[in-house]
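Visitor: Here is what each chain is made of, one letter per residue.
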Amino acid sequence: MPLREPSGQVRLALQSYLGARLAPLTLIVAAFTCLSAPLAFFLLARDALEVRGDGTAREAASLLRQDVQERPLLWKYDASKVVARVGAFELPGVDRVVVVDADGIPIRGSADDLDALARLEALWRSADIEVEGKVAGTVWVAVSTRALERNTIALTLGFGALGLVLGVLLYGLPMRAMGRAEANIRELVGRLEESQGALARFNATLEQQVEDRSAELRDALEELRRKEQNLREISARAIRMQEAERRGIARELHDSAGQALTAIRIHVQLIGDLLSAREGDDAKTTTMARRTLSMVDDTVEEIRRAVNQLGPAVLDDVGLEAAIRRAGDDLSEATQVQVECHYDVAVELDASVEITAYRIVQESLTNVARHAEASEVTLRVAIEDGALRVSIEDDGAGFDSEAVGPRRRGLVGMRERVELLGGEIQIASAPGEGTRIRVSLPVSSLE
Amino acid sequence: MDDTPQRHWKPWIAGIAVFVVVVAWAVLEVRGVGEDSRPAFLTTALEPSGPNRPDDARLHIAGSGSCVPLTRMLAGSVMQRLDLSPEVHASIGSGGGIRALRDGAIELAIVSRALRDEEIDAGLVYTPFARVPVIVAAGLDVPDRAVTYDELSALFDGRRTQWSDGTKVVVLLREAGDSSHRVVEEVVPEFADITASVRAQGAFRVLYHDGAMQVALANTPGAVGLHGNGVDPSLAGFRALAVEGVEPTGGNVESGAYPFVKELGFVTIGPPQGEAKAFIDYVLSPQGRALLRVRGAVPPAPEGD
Ligand SMILES: Nc1ncnc2c1ncn2[C@@H]1O[C@H](COP(=O)(O)OP(=O)(O)OP(=O)(O)O)[C@@H](O)[C@H]1O
Ligand SMILES: [Mg+2]
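Residue numbers (the working numbering), protein chains in the order written: chain A, -12 to 434; chain B, 265 to 569.
In case anyone wonders, no lab produced these hints; they're calculated from the structure. All residues carry an ideal CB built from backbone N, CA and C; glycine is no exception. It cannot be assumed that every hint is accurate.
To list a few chain A residues with every Cβ distance to chain B over 12 Å, as calculated [as the list claims (entries may be wrong)]:
{"#": "1", "residue": "G91"}
{"#": "2", "residue": "R106"}
{"#": "3", "residue": "R167"}
{"#": "4", "residue": "Q195"}
{"#": "5", "residue": "A231"}
{"#": "6", "residue": "A250"}
{"#": "7", "residue": "L257"}
{"#": "8", "residue": "H329"}
{"#": "9", "residue": "E380"}
What follows is a list of derived Cβ distance ranges for each label pair [as the list claims (entries may be wrong)]:
{"#": "10", "chain 1": "B", "residue 1": "R423", "chain 2": "A", "residue 2": "V38", "range": "38 to 48 Å"}
{"#": "11", "chain 1": "A", "residue 1": "V122", "chain 2": "B", "residue 2": "K432", "range": "38 to 48 Å"}
{"#": "12", "chain 1": "A", "residue 1": "P79", "chain 2": "B", "residue 2": "L499", "range": "42 to 52 Å"}
{"#": "13", "chain 1": "B", "residue 1": "T307", "chain 2": "A", "residue 2": "L78", "range": "21 to 31 Å"}
{"#": "14", "chain 1": "B", "residue 1": "T307", "chain 2": "A", "residue 2": "G96", "range": "13 to 23 Å"}
{"#": "15", "chain 1": "B", "residue 1": "R317", "chain 2": "A", "residue 2": "P79", "range": "15 to 25 Å"}
{"#": "16", "chain 1": "B", "residue 1": "D385", "chain 2": "A", "residue 2": "E57", "range": "57 to 67 Å"}
{"#": "17", "chain 1": "B", "residue 1": "L404", "chain 2": "A", "residue 2": "E57", "range": "22 to 32 Å"}
{"#": "18", "chain 1": "A", "residue 1": "L78", "chain 2": "B", "residue 2": "W289", "range": "27 to 37 Å"}
Whole structure, please, built from the sequences with the hints as guidance.
Guide: Take a look at the structure:
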């Protein structure tokens, strides 16, 4: 059953469905109620009347039997007495007693008013007067049915009213209840539809909102990326500028202070030589000259180291791979540590990435030299998943990363350099288990 | 749920079918009353299927029960003397006898009342043959021997309920129109109203034939009733009370001293003929008269007296 009219109105038709089945049923019930009791009364009362009629007829017949027996043929002429005798049976409810002879002809005085008898509303019952096995006559008894009919009609009216009331209740009450239920259902369905509509509208807005938010987030992310990119570019540029400046300072140091000190050393050498040539000269001055020379040598060495630290000219000169290998060689030369170096980078790297990578290797190897007491160091530099991966592993003493002192700048500086380029750093170490440093620097964004 | 109109109609059709069947059955049950059981005489004019008369050649005599004992006695006597064998039927009343006569069922009617004008006009002839007293009969156990008119009225209207020895009075009535009652009513006018009213009340037992009355009088303790068929009460088992001090003897009847007298007669269609005439002639012959007198009846005065 379709739930909707073409108009869109909710269509249940429960009431008409119920009505179509209830109404005939009600009709039957009403008919039965109206008819059954009066009919039963009628049938029973009619039976009773028949029994009474039969009884009266039999009684009258048996009363007449002896008379008839004594007067075969002639009994019917004794009409007045016969009529008078059977007249005693005309009790309440018995309208007439008629005696007929063997031919069925009423005896004189018994049924003189035939028309009135024919009109009688009565039930006729009979009993034969039998004499020696022959029917000599018959007694007919008219039992009045007027009271029966009156009572039956009264009962029918009464029960008709009852049937009507029953029918109205039987039909009306369920129909009313069903009508209400239908109205409720219709209202519920209406509400359901409303809330469905509301839900649909809400869903639509929600999607729109999510869409909007996502778009905003996307924009924000994009903005963030752009800013990060900017930042990274700025950082890289800052690093490059810093490095350039450092290299300038280193060059200045090397070219001015270094050259001057070299000149000073030559002069001090000469002064020493001159003093030692003058015999007898006090040994004090000579010693001083030698000491000054030694101080100058130390200072030159100090400056060279500072120059090297400030500006890794080696990068500009030989490139990242060679610079790293040289750093490794320097370490093994200075400390007897075995250094293994794997380098696999085929792409052009940004200067800032190269510097950072080199600085990290430099600091790590310095730490190995200073703290690790390692026997073997493994260096790996490679491009993986669009990033430059650098790892330095040693089999030295290791350390507890929680217990690093506050003044230590090496590891912190490494982390800062990596983060400036948007990369990641892992420092894994424990006492007695060596140290492993892994760094990943993004390179794709620079291409 | 299927709401096609066709489906909607099915319960209606079923419902209406059941309704119609129920109503039709009820109507048939009610309408069927008495139609088939009505007696045929109400709807068709019926004709007698054969002759009314007994199919023999005998003289059939019937009528008033008051005449039956005397007539039977006379019939028995005539059979011995003449070549006649009349059959006297049990009482069917004077009117019944006359009707049977006119119907041809009998040849001679015996009556205890005078003919009506209409009957005389129809050519019926009345021949009186005896006068008998209507006795106030009482059971043999009743101590009383006589009644006055007032006492008779008191007995019959229920005012007097005890005989003189305190035993209960039981009144036996005959049906209205009985010849004995009519005789008493003519003499005691209020007696008609009294008996009519007690009959209507059903206060006393009513007997419809002389024979039945005779048996009831003999067998009912304290019984009293009117009886007049020429039979000797002492032989029948009851007693005749004196009325106003007069005994119901033949002499008192003939002299007119006894007040309640009933005349009995024969009725024929036209003047008596054939066997009927022979029987009547015998009854009115000296032998017949003598027989009547023996039975306490008074024969009519001989012609020419
Ligand atoms: N490869 C290593 N093996 C063992 N210990 C190490 C290693 N690297 C670092 N450490 C420990 O971690 C500490 C911190 O190192 P960090 O480089 O920050 O400081 P530093 O080398 O002591 O001083 P500087 O600031 O000059 O580098 C060191 O003092 C050392 O105890
Ligand atoms: Mg360090």
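Visitor: Each hint should be assessed against the structure and marked as holding or not.
Guide: Cross-check of the supplied hints:
Non-interface status of G91/A relative to chain B is broken: a Cβ of that chain comes within 12 Å, the nearest being about 5 Å off. Residue placement check: R106/A does not keep its beta carbon more than 12 Å from all beta carbons of chain B (closest about 10 Å). With a least CB separation of 19 Å from chain B, R167/A remains clear of the 12 Å interface cut-off, as annotated. With a minimum CB-CB distance of about 41 Å to chain B, Q195/A clears the 12 Å threshold, and the non-interface call stands.
Distance check on A231/A: its Cβ is at least 91 Å (rounded) from any Cβ of chain B, clearing the 12 Å threshold; non-interface status holds. For A250/A, the requirement that its beta carbon stay farther than 12 Å from each beta carbon of chain B is met, with the minimum near 117 Å. Once the 12 Å rule is applied to beta carbons, L257/A is consistent with being away from chain B; the minimum gap is 126 Å. With a minimum CB-CB distance of about 83 Å to chain B, H329/A clears the 12 Å threshold, and the non-interface call stands.
The Cβ of E380/A lies farther than 12 Å from every Cβ of chain B, with a closest approach of about 82 Å, so its non-interface assignment holds. Between R423/B and V38/A the C-beta distance comes to about 41 Å, which sits within the given range of 38 to 48 Å. Our hint of 38 to 48 Å for V122/A and K432/B holds, since their Cβ atoms are close to 42 Å apart. Between P79/A and L499/B the CB atoms are about 44 Å apart, so this pair conforms to the stated range of 42 to 52 Å.
For the pair T307/B and L78/A, the supplied restraint of 21 to 31 Å holds, since their beta-carbon distance comes to about 26 Å. Separation of T307/B from G96/A is about 21 Å and conforms to the stated range, judged on CB atoms against 13 to 23 Å. Separated by about 41 Å at the C-beta atoms, R317/B and P79/A break the suggested range of 15 to 25 Å. In this structure, D385/B and E57/A break the distance hint of 57 to 67 Å, their C-beta atoms being roughly 32 Å apart.
Roughly 26 Å separates the CB atoms of L404/B and E57/A, a value that falls within the hinted 22 to 32 Å. Between L78/A and W289/B the Cβ separation comes to about 33 Å, which falls inside the hinted range of 27 to 37 Å.
When each numbered hint is compared with the structure, violations occur for hints 1, 2, 15 and 16.
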